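As you go down the protein sequences, you meet chains A and B in turn. Per our numbering, the very first residue in the first sequence carries number 1; after that it's consecutive. Per our numbering, the very first residue in the second sequence carries number 1001; after that it's consecutive.
It is worth saying that the hints were derived from the structure and are not from the lab. As the structure is a prediction and not an experimental result, all values here were calculated from the model. Using N, Cα and C, we set each Cβ at its ideal position, and we do this for glycine too. Keep in mind that a hint or two might mislead.
Covered by chain A, according to a simulated footprint, are these stretches of chain B (three or more residues, beta-carbon under 8 Å) [claimed, not checked]:
#1 1016-1027
#2 1050-1059
#3 1307-1318
Keeping only pairs whose Cα atoms sit at most 30 Å apart, straight-line, the calculated DSS-like set for lysine-lysine is [claimed, not checked]:
#4 Lys260(A) with Lys65(A)
#5 Lys1263(B) with Lys224(A)
#6 Lys1263(B) with Lys261(A)
Residues on chain A that point at chain B, a partial pick, calculated with CB under 7 Å [unchecked claim]:
#7 Ala22
#8 Ala26
#9 Ala172
#10 Arg175
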Amino acid sequence: MTDTPSSFSGTDSYLTDPGLEAAVQAALVLEKPLLVRGEPGTGKTLLAEAIAEAEGLELITWHVKSTTRAQDGLYHYDTVQRLYDSRFGDHDVRDIREYIHLGPLGRAFRSDERVVLLIDEVDKADIEFPNDLLHELDRMRFTVAETGDVVAARHRPIVIITSNAEKELPDAFLRRCVFHFIDFPDRDLMGRIVAVHHPGLDEDLLQNALDVFYGVRDMDRLRKRPSTSELIDWLAMLQARGISEIPRGTDTPFLGTLLKKEQDLRTFDDDGNGGPRRRYL
Amino acid sequence: MAERPFFLPLVYRLRQLGVPVGTQETVALAEALARDLHNHSLDDFYYLARSLLIHHEGHLDAYDRAFLAEFRGVPDLSLTLTEELRQWLDEARAGTVDLSAEERAFLESLDLEELRELFEQRKRDQTERHDGGNTWIGTQGTSPFGEAGFAPGGISTGSSGGGRMAFHTADARQYQGYRSDVVLDIRQMEVALRRLRAFVREGAEEELDIEGTIDATARNAGDIEVVTRPPRRPDTHLILMIDVGGSMFPYASLMSQLFSAAKKATHFKELRTLYFHNLPYGKVYETDRFTEPVWLQDLMRQCGSHYRLIMVGDAYMAPYELGQRGPVGPGDRTGISGLEWLASLRHHFPGSVWLNPEPRTHWHGSTIEVIGQVFDMYPLTVDGLTEAMNHLRRRAA
Chain A
1 MTDTPSSFSG TDSYLTDPGL EAAVQAALVL EKPLLVRGEP GTGKTLLAEA
51 IAEAEGLELI TWHVKSTTRA QDGLYHYDTV QRLYDSRFGD HDVRDIREYI
101 HLGPLGRAFR SDERVVLLID EVDKADIEFP NDLLHELDRM RFTVAETGDV
151 VAARHRPIVI ITSNAEKELP DAFLRRCVFH FIDFPDRDLM GRIVAVHHPG
201 LDEDLLQNAL DVFYGVRDMD RLRKRPSTSE LIDWLAMLQA RGISEIPRGT
251 DTPFLGTLLK KEQDLRTFDD DGNGGPRRRY L
Chain B
1001 MAERPFFLPL VYRLRQLGVP VGTQETVALA EALARDLHNH SLDDFYYLAR
1051 SLLIHHEGHL DAYDRAFLAE FRGVPDLSLT LTEELRQWLD EARAGTVDLS
1101 AEERAFLESL DLEELRELFE QRKRDQTERH DGGNTWIGTQ GTSPFGEAGF
1151 APGGISTGSS GGGRMAFHTA DARQYQGYRS DVVLDIRQME VALRRLRAFV
1201 REGAEEELDI EGTIDATARN AGDIEVVTRP PRRPDTHLIL MIDVGGSMFP
1251 YASLMSQLFS AAKKATHFKE LRTLYFHNLP YGKVYETDRF TEPVWLQDLM
1301 RQCGSHYRLI MVGDAYMAPY ELGQRGPVGP GDRTGISGLE WLASLRHHFP
1351 GSVWLNPEPR THWHGSTIEV IGQVFDMYPL TVDGLTEAMN HLRRRAA
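Next comes chain B alone, as it looks inside the complex:
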């Protein structure tokens, strides 16, 4: 079973694109190929590798991209992969990677020298030729692909379709909509918010504790002794503070989705939604029409540090607005600056994050960057929201 793992670059490209694939998947794919599950066709290989390397629909698009890049001779980064591949094999052989006996046997069967040669050759090819990049599929003798169908795990590119269907499928990029680094829909938000779930048993003892009852009964020499306990209840207190108006206008519908996702979540013991414009200058509002003001001072008095605080806003404004002052309470004429208000919120609520609907690429060099230094800031995407919720959860622990 001395086949050349022609698919390794695909694995590495997936890793570069942030898809979590590792030794286990790679070895599974190698085994599948050894058993001819791909029928020596690139079409079948496309589906087979997808079913083994990908575990989430959010990564299907990355797979299509990787597959196209790897197997269609798009000029690309495969040179850097050479080094990585060597490293991986060296590591695997050195035993730093956790492998089962079969997996190890498979790795032993690979000829490292041969592989090295293969990649050196490819490297030379690529630096010499400038006609459109790496010819993974071609007539080059070094490729595991090719007319003659080399190793048992290789792929014939000859008459049998030549992977045209696979390219067609990959080209369609029909899973783009499932990418998780794009902005989210309401259900994805609910799922992300669910990470904040925490339960506690408190209140009236109205649930039968069966284990406890049995234990107590046994201790009571068989006479039934009923034990009750309070039911499990959610124990998460959350404050959602949303920036509305002005530069936030384009995100209005996204904000209302986030709002309804939070409202629908049943796992919060308490959810307070408050609104501000640009920055919370001393007070925030119960409604998005800025009626019913709430003084921040009072809010911090009512809500202890066990409350989680989620700030939502683009944090984008004219720099002077950071320094604009807001009163500490009614009648206060000097007040403290918006930035200081942020700092005091951040200080009062250790479990707090800032969600920003602006893409990360726009954060640099504006007020966003400054506010990002006060609050841990995450983009309002599936990944960002999930990261933010994990951050909050860690903070609470």
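The following block holds chain A by itself, in its conformation from the complex:
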């Protein structure tokens, strides 16, 4: 590969930090998959979109589910369709290639231009799933067993893999990846993230909201801690209602946007925020 990728420093709407930039850079230059972990709502998936945007490349997304197998990413041989067609004789079923459909990985390899391939939530699938992909990701090629065709990458795709830290990933897989853990944004970064979504937000309101937000996040017994998107929604609500000052405690308006579990709302009450809540929403 001769073209050196330009250094990645986020986009207008995606803010990065030096650690993330270093990891992305290493992944681009060393041509290794970038594994991104972090708690939900820290923008793991958005990162792939941001990289695609910054590099001006197409993004191919592969959403992994609990039933996904490695084979699904390569290609799918639609035997049932072929069988069906053969019974009614209205298709030429002799050409098996007609029934081979490339999966996301296959499409990324076949693409005429370099693409960004996002393998989203890799930990959802079976524990062996990542290992099954190792060979294809290393060699950037695979063979369609039914036809003997070789699908080889014309341009090595930029591979971004996200994981929710739910399941341990196999060591052999981890060793091949560049790793980055997206930390929950600190107050300063959060302020800038919010500014991207709510330009012109009143500074006092922002600081006020951040106080409450981080206060809530610091509570120990929460089942689901609010993340960036909840904060952004909450601010949207506050703005829409023209609220400029947030009282602490029971009267925190629209707390239901931040805390989505009944139990958490009760925890919030118990934690010295006193009194019965009047306004969940």
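Knowing the structure of chain A, use the given hints to seat chain B on it.
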């Protein structure tokens, strides 16, 4: 590309701290440095090396510690690293480590003699000087760091920040919370318990077996022949036996977390939770208020050896309590001792472990040690629970 791998001690320190890094990561880092991805600054090196050497947030704290120790002249163990480094290089050269052609070429390019000299020098420096340890960053001519910026892979410590930001970041130790050797939260427990997952196909045939259908249809000369099969169902039977009250009181919330994690897990065919105090003396209870007793004898009759047994307790008590007797059944007046009860449970359930919320350092020289001889005992931490579940899984296989 004859650079000195100044980062090797960092790799070895990480290994000492239990972080799994090996040749592959090391070579990747060397390649990255050869391509100047660190911009010759220690700040960038901190992030670069982190992204390549670390694969799990649980190890980020170890990385911060290692980085601080290695690059800030904290008195440390780097002398022992010298030997290890030599060994590693010798091994790598001797071909005992699996390397690709490029990796091998990189290793060949290292001058072993030069490296040896470098480390000998450092060793001398350290034994002679007592002013605060190894000067990884300094004006010493031997260091790959330094004002002049030596080898292409070296790092300049001069005007450009001098790694102050990296130290600041590392110093903050903000990833302490993600360390996996500390006590766990509920989700981590769920993840660990998931290791006990096992499936079996049994029951009513209500799922279409596509592969089978196609195969049967083909054999049937193209006339569709539908084949069905039973769906996959979980096949793990688990008994959770929890010590409550007394010395277990401080761990009450941890116990309730473990309990709810186990309850929430959908991959058990059957989960029985039973309670006891100190030791199961002949009977255990369905509730933590010790109502609804269950005789151990009956339990062992109902539950075959395919059940996994997880005992949870601090195993800490007065020594005489081990010998206290519990009746075998209603009306039995002699009974057998608590320790014997444990042994018979252990014998009946080959797949069994004991989880102990007390840290491992407290185990020695008390009843914990004795009980640890009966049951395979693991600390109730992320690592401990994972180890325990792996143990159970192996037992089942």
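Going through the hints against the structure:
Note: the region 1016-1027 of chain B has 4 residues with beta-carbon separation from chain A under 8 Å; the three-residue rule is met and the coverage holds. Given a C-beta distance limit of less than 8 Å, the hint that chain A covers the region 1050-1059 of chain B holds, as 7 residues qualify and 3 suffice. Counting residues of the region 1307-1318 of chain B whose C-beta lies closer than 8 Å to any C-beta of chain A gives 0; at least three are required, and the coverage claim is violated. For the suggested pair Lys260(A) and Lys65(A), the alpha carbons sit about 24 Å apart, so the restraint of at most 30 Å is met.
Among the hinted pairs, Lys1263(B) with Lys224(A) is consistent with the structure: their alpha-carbon atoms are about 18 Å apart, no more than 30 Å. Taking the CA atoms of Lys1263(B) and Lys261(A), the gap is near 19 Å; set against the 30 Å cutoff, the hint holds. The beta carbon of Ala22(A) is positioned within 7 Å of a beta carbon in chain B (closest approach about 3 Å), and the interface hint is therefore held. About 5 Å separates the beta-carbon of Ala26(A) from the nearest beta-carbon of chain B, less than 7 Å, and the hint is met.
A hinted interface residue such as Ala172(A) counts as satisfied when its beta carbon comes closer than 7 Å to some beta carbon of chain B; here the least separation is about 9 Å, so the hint is violated. Hint on Arg175(A) holds. Least Cβ distance to chain B is approximately 5 Å, under the 7 Å limit.
Of the numbered hints stated above, those contradicted by the structure are hints 3, 9, listed in ascending order.
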